[in-house]
Amino acid sequence: MLRRYKAIAVFTTAMILLIAFSSIVKSWLMQKNWVLEGNNIFDWLHDLGRYLMATIEANQKQSTLLLWLFPVLFTALLLTVVNIVTIALFILLRRWGSIRFLHRKNEMRKKVQASIIEYLYGDSESALEQMKQLKKQMLIEEIISLRKQITGSQTENLQQLFYQLGLDTFVVQKIKSARWFNKVLYIDAAQWMQVYASFELIQPYQYAGNPHLRNVAQMACVNLDTGQAFAFLNILDQSLPIWHQILLHKTMVRSSLPLPDFYSFLQSENASVIVFALNMIRLFSQKGSKDEIIRLVTHHDPVVRRNALRVVRDLNIYEAIPVVKQNFLGETLRVQVGMIQALSLDKPQETFEFYRNIWLDTPRRLQAEILKHVSPGLQAMLLKDMERVQIEQKQN
Amino acid sequence: MKILICESNPLLVQLMGKELMSEQNEVHLAWVGEEMASQLTSFAPDILITEVLLPQINGFEFIHNARLQFPNMMIIVISSLISNRLTELIFRLGADEYISKPFDPTQLNNHIQRAILRKKNSLISNAIDYVTKI
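Chains as they are written, first to last, in the working numbering: chain A, 1 to 396; chain B, 1001 to 1134.
Pulled out of the complex, with its shape left as it was, chain A reads as follows (with noise of 0.2 Å):
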């Protein structure tokens, strides 16, 4: 009910505003002398309208509602032409201006990638002192993006740079920035150049509801905790994607860090953080409690329990193989694949004796799949059995 008053007002304003408007522009096309007479932009307009209305009202039988509206159309004509002219005049400007500034930009990542080469290469007294006059933020930047992609000696005077520009002490400032991207930014410089003040800072991050912040965080905390670097998987609520999962296996390796527990996770109510610990335990082969994996065989979850039959593949967990049997049949085709690639741990007329038990129950596309995944010897000797049970089909 309201909002129908609402539009009702709203129409009945705009009508009102219409005829005055109208009735303002009509008068002052009426009129010959005028209160701007005399500047040629208005006296043209002023002429143009004034013709332009002496033509409509000669042809008077055309429309007296365009007679009416004319004052209106015409301010409105006028206003769209001076909008059009004013946002291409903005577009322009802006663009200039960003030009300008990338330009400037430009310059100055030169200057700053001249000082750093002279630093590492030549006189680093005098590429030190120019390098303090130069923009923090781009210092940082340079040095990071060399420092991800090289190692050795070069790597440590990149560090002494860091430190001697006090860029730390900036680093530690910035990432209480309120600009998430910014945070991003300098959480990634601390954990690349140690900068260990900032680990208090960083490790609420871990939790941010950003991913792009928490990843970083979490790989920061990672490199810069030499005690409990993984404890925020036992609080983590987020799911912890794949990506991040290959970026802190990474982290990990890049930075020989000591391995944790793995197994400590797998009791995680989380099922990404279960899938990253079975991962790192497959790729590390980590030893430890064998029934914790053959529990997560039967995991509620499908995708942990295709990555817990990938441990039971690697880490050759026969003990698991009983129970891989008797989920076999009830299982999704993926899980199924995975279980193909575990049994192959079984001995070879076990596995037979199994697939030739369940064979005429199973459907065939899981016979196809069956049949790719088993070792050579024993897929001839499935498809030999298949051939006699066909032969004995067709004789019955």
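It is possible that some hints are incorrect.
[What the hints assert, rightly or not] With a straight-line Cα cutoff of 20 Å, these simulated PhoX-like cross-link-like pairs (lysine-lysine) come out:
#: 1; chain 1: A; residue 1: LYS176; chain 2: A; residue 2: LYS136
#: 2; chain 1: B; residue 1: LYS1018; chain 2: A; residue 2: LYS148
#: 3; chain 1: B; residue 1: LYS1018; chain 2: A; residue 2: LYS110
#: 4; chain 1: B; residue 1: LYS1002; chain 2: B; residue 2: LYS1119
#: 5; chain 1: A; residue 1: LYS111; chain 2: B; residue 2: LYS1018
#: 6; chain 1: A; residue 1: LYS250; chain 2: A; residue 2: LYS325
#: 7; chain 1: A; residue 1: LYS110; chain 2: A; residue 2: LYS136
#: 8; chain 1: A; residue 1: LYS148; chain 2: B; residue 2: LYS1101
#: 9; chain 1: A; residue 1: LYS148; chain 2: A; residue 2: LYS26
#: 10; chain 1: A; residue 1: LYS372; chain 2: A; residue 2: LYS347
#: 11; chain 1: A; residue 1: LYS135; chain 2: A; residue 2: LYS110
#: 12; chain 1: A; residue 1: LYS384; chain 2: A; residue 2: LYS347
#: 13; chain 1: A; residue 1: LYS148; chain 2: A; residue 2: LYS110
#: 14; chain 1: B; residue 1: LYS1018; chain 2: B; residue 2: LYS1002
#: 15; chain 1: A; residue 1: LYS250; chain 2: B; residue 2: LYS1101
Keep in mind that the hints were calculated from the coordinates and are not lab data.
Once you've looked at the hints, dock chain B against the given chain A.
Structure of chain B alone, referenced to chain A:
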């Protein structure tokens, strides 16, 4: 030796250039896509050091074209690609050596020397094979 370095990161290119210049090499640097192709043709280097992920141009195509244009040139690829398939593809396109990032720039000269030695040895063994077949 004439060396051309193509890499998207200008700072890294300059760093590699400094490392290689210290060994009396003539080094040219390129970090803009179009510049890379034109420098390759005009400079005709003995060794091309390149990334695969290049700006504006396709790195794989660039390596392939370089190999077709200069069959005897040594091509060293420095990249962060870690996929075995892609590395295999890089060698099939004509690369002689692959260095994965991150790498130690101070060891770049050693890498080049090793690659040259390997190429020489393979040429000699190919020649021996050819002669023994005859």
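Hint by hint, here is what the structure shows:
Annotation: proposed proximity of A/LYS176 to A/LYS136 holds, straight-line Cα distance about 16 Å (limit 20 Å). Taken as a hint, the B/LYS1018 and A/LYS148 pair is honoured in the structure, with Cα atoms around 19 Å apart against an allowance of 20 Å. Simply put, B/LYS1018 and A/LYS110 have alpha-carbon atoms about 16 Å apart, close enough for the 20 Å limit, and the pair holds. Between B/LYS1002 and B/LYS1119, the direct Cα distance comes to roughly 17 Å. Compliance with the 20 Å bound is thereby established for this hinted pair.
A C-alpha spacing of about 17 Å is found between A/LYS111 and B/LYS1018, which places the hinted pair at or below 20 Å, so the restraint holds. Taking the CA atoms of A/LYS250 and A/LYS325, the gap is near 35 Å; set against the 20 Å cutoff, the hint is violated. The suggested pairing of A/LYS110 with A/LYS136 holds, with an alpha-carbon distance near 14 Å, which does not exceed 20 Å. Proximity of A/LYS148 to B/LYS1101 is assessed by CA-CA distance (about 9 Å); at most 20 Å being required, the pair is judged to hold.
Between A/LYS148 and A/LYS26, the direct Cα distance comes to roughly 70 Å. Violation of the 20 Å bound is thereby established for this hinted pair. Taken as a hint, the A/LYS372 and A/LYS347 pair is honoured in the structure, with Cα atoms around 18 Å apart against an allowance of 20 Å. For the given pair, A/LYS135 sits about 12 Å from A/LYS110 by alpha-carbon distance, which is consistent with the 20 Å threshold. Between A/LYS384 and A/LYS347, the direct Cα distance comes to roughly 18 Å. Compliance with the 20 Å bound is thereby established for this hinted pair.
With a CA separation close to 19 Å, the supplied pair A/LYS148 and A/LYS110 stays within the 20 Å bound. For the hint pairing B/LYS1018 with B/LYS1002, the CA-to-CA distance comes to about 14 Å; that is within 20 Å, so the pair holds. Using a Cα cut-off of 20 Å, the hinted pair A/LYS250 and B/LYS1101 holds, with the two alpha carbons roughly 13 Å apart.
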